[in-house]
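Chemist: Residues per chain are reported as follows:
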Amino acid sequence: MSELTRLTLAEARKGLLAKRFSAGELTRAFLAAIEAGNKALNAYVLPTPERALEQAAASEARLARGEARPLEGLPLGIKDLYCTKGVRTTACSHILAEFTPTYESTVTQNLWDAGAVMLGKLNCDEFAMGSSNETSRFGPVVNPWRRRGSNVGLVPGGSSGGSSAAVAADLCLGATATDTGGSIRQPAAITGTVGIKPTYGRCSRYGIVAFASSLDQAGPIAKTVRDAAILLRHMASADPRDSTCADLPVPDYEAAVGQSVKGLRVGVPKEYRMDGMPGEIEDLWQQGIAWMKAAGATIHDVSLPHTKYALPAYYIVAPAEASSNLARYDGMRYGLRREGSDLVDTYEVTRAAGFGAEVRRRVLIGTYVLSAGYYDAYYLKAQKVRTLIARDFEEVFKSVDVLLTPTTPGPAFGIGEVAGDPIQMYLNDIFTVTVNMAGLPGISVPAGLSSEATPLGLQLIGRPFEEATLFRAGQVIEDAAGRFPPPERWWA
Amino acid sequence: MEVDEKTVRRIARLARIRITDAEARALEKELSGILDWVRQLDEVDTEGIEPMTRVTPMTLKMREDQVSDGGMADAVLANAPARTEHFFVVPKVVE
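In order, the protein sequence lines correspond to chains A and B. 9 is the number of the first residue of the first sequence in my numbering; add one for each residue after it. 85 is the number of the first residue of the second sequence in my numbering; add one for each residue after it.
Just to be clear, a hint being listed does not mean it is correct.
What the hints assert, rightly or not - With a Cα cut of at most 25 Å, we get these calculated SDA-like pairs of lysine to any residue: (1) A/Lys406 x B/Glu134; (2) B/Lys113 x A/Glu366; (3) B/Lys176 x A/Arg341.
As the list claims (entries may be wrong) - One-sided and incomplete, this derived list gives chain B residues near chain A with beta-carbon spacing under 10 Å: (4) Ala96; (5) Arg102; (6) Ile133; (7) Lys145.
To be verified - Sample of chain B residues lacking proximity to chain A, with all beta carbon distances greater than 10 Å (derived): (8) Asp88; (9) Arg109; (10) Asp149; (11) Val151; (12) Gly154; (13) Gly155; (14) Thr168; (15) Glu169; (16) His170.
If you're looking for bench data, these hints aren't it; they were derived computationally from the structure. Glycine included, each C-beta is placed from N, C-alpha and C at the ideal position.
Full structure from sequences and hints, please.
Modeler: Given below as structure tokens:
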């Protein structure tokens with residue numbers, strides 16, 4: 009049965025339609041894998057086996073009647089940032105306590121309407137603030153990958169670390185994730201999985217716990233480029249409940265997978281060649297360039313002059329928006345409440361008890377940069393720099409169709425290794441954060457192994473709403489590099 | 085140092101987060117480090133540049149001004165830490 013969990017989403021879809029196995033068998037195989045492996049990996053914070061079996065039974069009936077929907081019977085994991093009706097949703101924060109939504113996020117509703125099965129809620133950094141999944145109230149997730157000859161626990165990236173680990177370890181066929189500064193692409197890169205952050209406005213944010221509203225986007229983490237294309241098509245939609253969600257039809261992204269890149273103009277931005285970048289990252293990048301060239305694309309050197317300012321600008325904009333969004337956690341209407349001596353005291357002790365150290369840090373930074381006398385120097389300045397970053401991209405996209413860069417400055421690091429220095433942790437997002445600042449789509453595709461025998465990814469960045477181009481170009485990397493399943497199932 | 089301990093206490097008060105003395109001292113260092121680092125934006129000439137207000141060219145959607153949802157007091161109150169009938173119970177607001 010465990011062989012079923014090794015299938016890609018596209019293979020499982022085919023197997024179900026050909027009746028080689030049933031939806032019930034498929035779901036039970038994943039539930040058994042979670043039962044056996046989750047203790048070591050900590051990817052799921054709340055498995056939902058009863059719900060999964062119920063949905064699988066309904067799918068089985070539909071498949072038998074020949075009424076299969078596009079994702080009929082395909083088991084997925086859901087990041088704990090997505091509100092799921094009747095299923096505890098915490099954003100992996102103590103402040104949400106046992107919060108159990110009475111409504112469903114638009115993205116997950118779209119998935120259930122397409123026939124998908126929910127295996128459970130996945131671990132993540134608290135309120136998606138982190139690059140290593142170490143800020144979760146439920147503790148860190150362990151990367152299914154290990155360094156050669158070592159059993160030191162590595163981080164799966166963050167904030168969508170439960171999503172990336174679960175997909176890499178075959179604890180689901182695919183997972184939902186969210187990306188505010190790199191939280192889909194960085195974890196995908198360092199677990200050997202595919203992750204796409206679509207254009208801002210492509211997926212509805214309704215029912216997704218807010219971190220930084222002008223940057224947050226939903227997207228999938230999957231085993232292959234094709235699987236990511238299938239999932240994104242059924243996550244994205246227009247939505248009257250999110251006024252920033254685009255009123256555009258969702259294309260059949262899967263149709264783009266396998267299409268030729270002959271004549272595609274690939275830009276290589278020189279500013280991504282950072283000082284002190286490890287040689288293996290540079291080598292990986294050059295390899296990616298060679299693969300694109302061999303597939304018929306043309307390569308062009310381009311310049312994005314404001315790249316180095318994206319990360320500091322992000323660490324003004326994102327905390328500012330977070331401090332505003334997280335003001336709602338006041339202990340009055342839902343979530344944790346600690347009684348204080350009066351109203352303000354109740355607010356203060358509730359928020360002190362409910363927020364972890366990184367969340368407190370960002371709320372305080374955000375409060376400071378928005379406070380009287382500092383707003384212009386920090387927040388307004390950062391939003392102006394953001395305009396310049398977006399202009400850089402607009403300019404280069406006049407002469408190229410897609411940009412190719414590394415996804416991360418290095419491979420997975422050990423749990424606890426980057427603790428203590430927030431800025432060192434923030435630097436993980438140096439290649440991914442520019443894309444959020446400009447609202448563009450970006451995909452990370454596994455491309456090779458580090459000197460420690462752990463995965464590395466390459467990132468492709470596209471024009472707004474041209475996700476199809478990313479899937480087309482991403483498949484070229486996957487075809488050339490191959491897939492990267494972890495070499496050993498030590499957790500099972 | 086961008087911020088001193090007094091400033092840390094002031095912003096913690098504004099953010100409605102209680103902090104201990106030890107936390108205030110640690111935060112003074114952490115927040116100063118982060119704020120020093122973001123000040124590199126001062127190198128960028130932003131004279132005459134409009135601040136970004138939306139990342140993609142979109143205009144805010146309008147909808148019909150009509151009731152589309154409601155009548156779900158039980159659902160709204162379902163997660164309340166304290167409630168009585170259809171009311172949230174909160175600490176005394178006005179003395």
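Chemist: Taking the hints in turn, state whether each one holds.
Modeler: Evaluation of the provided hints:
{"no.": "1", "hint": "A/Lys406 x B/Glu134", "result": "21 Å, holds"}
{"no.": "2", "hint": "B/Lys113 x A/Glu366", "result": "14 Å, holds"}
{"no.": "3", "hint": "B/Lys176 x A/Arg341", "result": "15 Å, holds"}
{"no.": "4", "hint": "Ala96", "result": "6 Å, holds"}
{"no.": "5", "hint": "Arg102", "result": "4 Å, holds"}
{"no.": "6", "hint": "Ile133", "result": "4 Å, holds"}
{"no.": "7", "hint": "Lys145", "result": "5 Å, holds"}
{"no.": "8", "hint": "Asp88", "result": "12 Å, holds"}
{"no.": "9", "hint": "Arg109", "result": "14 Å, holds"}
{"no.": "10", "hint": "Asp149", "result": "14 Å, holds"}
{"no.": "11", "hint": "Val151", "result": "14 Å, holds"}
{"no.": "12", "hint": "Gly154", "result": "13 Å, holds"}
{"no.": "13", "hint": "Gly155", "result": "13 Å, holds"}
{"no.": "14", "hint": "Thr168", "result": "14 Å, holds"}
{"no.": "15", "hint": "Glu169", "result": "15 Å, holds"}
{"no.": "16", "hint": "His170", "result": "13 Å, holds"}
When each numbered hint is compared with the structure, no violation occurs for any of them.
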